[in-house]
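Make a model of the complete structure from these sequences and hints.
Number of protein chains: 2
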Amino acid sequence: MLDSGLIFASDSRTHAGVDNFASFCKMSLFERAGDRVIVLLSSGNLAGTQAVISLLKQRCAKDGTPNLWSAESMFDAALLVSDAMRDVDRRDGQHLADSDVGFNASFILGGQIKGEPPRLFRIYAEGNFIEASTQTPYLQTGETKYGKPIIDWVITGSTSLNDAAKCVLVSFDSTMRSNLSVGMPIDLLCYKRDSLAVDMQRRFEEGNAYFTELGRQWSEGTREVFRRLPSLDWAVP
Amino acid sequence: MLDSGLIFASDSRTHAGVDNFASFCKMSLFERAGDRVIVLLSSGNLAGTQAVISLLKQRCAKDGTPNLWSAESMFDAALLVSDAMRDVDRRDGQHLADSDVGFNASFILGGQIKGEPPRLFRIYAEGNFIEASTQTPYLQTGETKYGKPIIDWVITGSTSLNDAAKCVLVSFDSTMRSNLSVGMPIDLLCYKRDSLAVDMQRRFEEGNAYFTELGRQWSEGTREVFRRLPSLDWAVP
Numbered sequence: 001m002l003d004s005g006l007i008f009a010s011d012s013r014t015h016a017g018v019d020n021f022a023s024f025c026k027m028s029l030f031e032r033a034g035d036r037v038i039v040l041l042s043s044g045n046l047a048g049t050q051a052v053i054s055l056l057k058q059r060c061a062k063d064g065t066p067n068l069w070s071a072e073s074m075f076d077a078a079l080l081v082s083d084a085m086r087d088v089d090r091r092d093g094q095h096l097a098d099s100d101v102g103f104n105a106s107f108i109l110g111g112q113i114k115g116e117p118p119r120l121f122r123i124y125a126e127g128n129f130i131e132a133s134t135q136t137p138y139l140q141t142g143e144t145k146y147g148k149p150i151i152d153w154v155i156t157g158s159t160s161l162n163d164a165a166k167c168v169l170v171s172f173d174s175t176m177r178s179n180l181s182v183g184m185p186i187d188l189l190c191y192k193r194d195s196l197a198v199d200m201q202r203r204f205e206e207g208n209a210y211f212t213e214l215g216r217q218w219s220e221g222t223r224e225v226f227r228r229l230p231s232l233d234w235a236v237p
Numbered sequence: 001m002l003d004s005g006l007i008f009a010s011d012s013r014t015h016a017g018v019d020n021f022a023s024f025c026k027m028s029l030f031e032r033a034g035d036r037v038i039v040l041l042s043s044g045n046l047a048g049t050q051a052v053i054s055l056l057k058q059r060c061a062k063d064g065t066p067n068l069w070s071a072e073s074m075f076d077a078a079l080l081v082s083d084a085m086r087d088v089d090r091r092d093g094q095h096l097a098d099s100d101v102g103f104n105a106s107f108i109l110g111g112q113i114k115g116e117p118p119r120l121f122r123i124y125a126e127g128n129f130i131e132a133s134t135q136t137p138y139l140q141t142g143e144t145k146y147g148k149p150i151i152d153w154v155i156t157g158s159t160s161l162n163d164a165a166k167c168v169l170v171s172f173d174s175t176m177r178s179n180l181s182v183g184m185p186i187d188l189l190c191y192k193r194d195s196l197a198v199d200m201q202r203r204f205e206e207g208n209a210y211f212t213e214l215g216r217q218w219s220e221g222t223r224e225v226f227r228r229l230p231s232l233d234w235a236v237p
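Quick mapping for you: the protein sequence lines, in order, are chains Y and X.
Following the working numbering, the numbering of the first sequence begins with 1 at its first residue and continues without gaps.
Following the working numbering, the numbering of the second sequence begins with 1 at its first residue and continues without gaps.
The list treats identical chains as one, so a pair stands whether inside a single copy or across any two.
Here are the simulated DMTMM-like pairs of lysine to aspartate or glutamate, each with C-alpha atoms no more than 25 angstroms apart in a straight line:
| # | residue 1 | residue 2 |
| --- | --- | --- |
| 1 | 62 | 83 |
| 2 | 148 | 206 |
| 3 | 192 | 233 |
| 4 | 114 | 76 |
| 5 | 148 | 224 |
| 6 | 57 | 116 |
| 7 | 192 | 163 |
| 8 | 192 | 131 |
Calculated directly from the structure, the hints in this document are not laboratory data.
If you're wondering where the values come from, they're calculated on a predicted model, not measured in any experiment.
This is how it looks when you write it as structure tokens:
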């Protein structure tokens, strides 16, 4: 979440053990130009996250029920996602617990509704949620650790949307080198503050030339930085 | 584990919740110059790791019992550590399980015994263990993820001992920026292949000038690499 807007990114890997993995888009978009842009990124059990998104879309299609088109604020939108999660959990939770699985869907929700500034939330599997702020402008869910240092080094509120997009791609590159459960394609979406429309959206497939070059230059560049670091003098305390 | 020797490093943070943390050295050394250098790094429940090390030291002091001074190979040394872990688990395991804690001590063991090349092991809490190889020359335990990308970018078998020492310090710097349960001082030990003696050993306290400068140059350097990365052209597929 930057002064100039929002950047969203998600991978596409889903798996039920290493012998069963597939590719599903984890980014959902609710856009009504001039009124609102709402983006939902999902993480965790695929049956659970798909059910939540299907419920949200079904409710959007039905006039009169509270839904993402009628929500007056991003906070209300987060409550609607949370409600849908709890509805799915009520239906499936005990059955999953009986098989020692558990309902572990979680979401990142962000966007802008006319009359409000852009806002960004992380919704936990229990349905409670936190909101990003200027102190901590970004939120991650799923395999967060490998890709966090690069975000911490680079991102502040004043980072440009283009730089933040680059940073998120490098962060995914680091993560995919270490965790097989994160994989291409990467979906990337850029939202400019107050535009109330999706400004740029891209999908990076396996072998994408730009993504590959970014990873190559990043790892060569960091190796070069490393080479130039001062050597340790073991004798000096 | 490099062609030219071994580098070991450990932090000193131990905690029982965020309201109770303290500093304990997690590196133990068994050195008999000209015969063997054995280094043990510990991770997990402090009562457990201390008990294991006390047992190993007590057994070392008693002639006739198999111990780290009499072990004929590093593999046998790993078995001795594993035996001590299981002895502690037999005594404490059920009591800990009754309080939902569990015996979660784990170790990295490395060094060289005369007649063998240097070897490096990771011993799991269950007492089984794996050995590093040329394909995967390094092992981590505890909070491993934040500091792993830098090691992957830099370390191969032919990396020099001094470069590997730098790399390990940068890896700890990244980890400590993200995880409060990892903290200074950092203990660092360098073992030159076939020297059969500890060649260099250093402790980096909070605020150490070299460590601070390393972290500063690394984060400035990586930010500069980032600035030079090609920008994304949203229009190009």
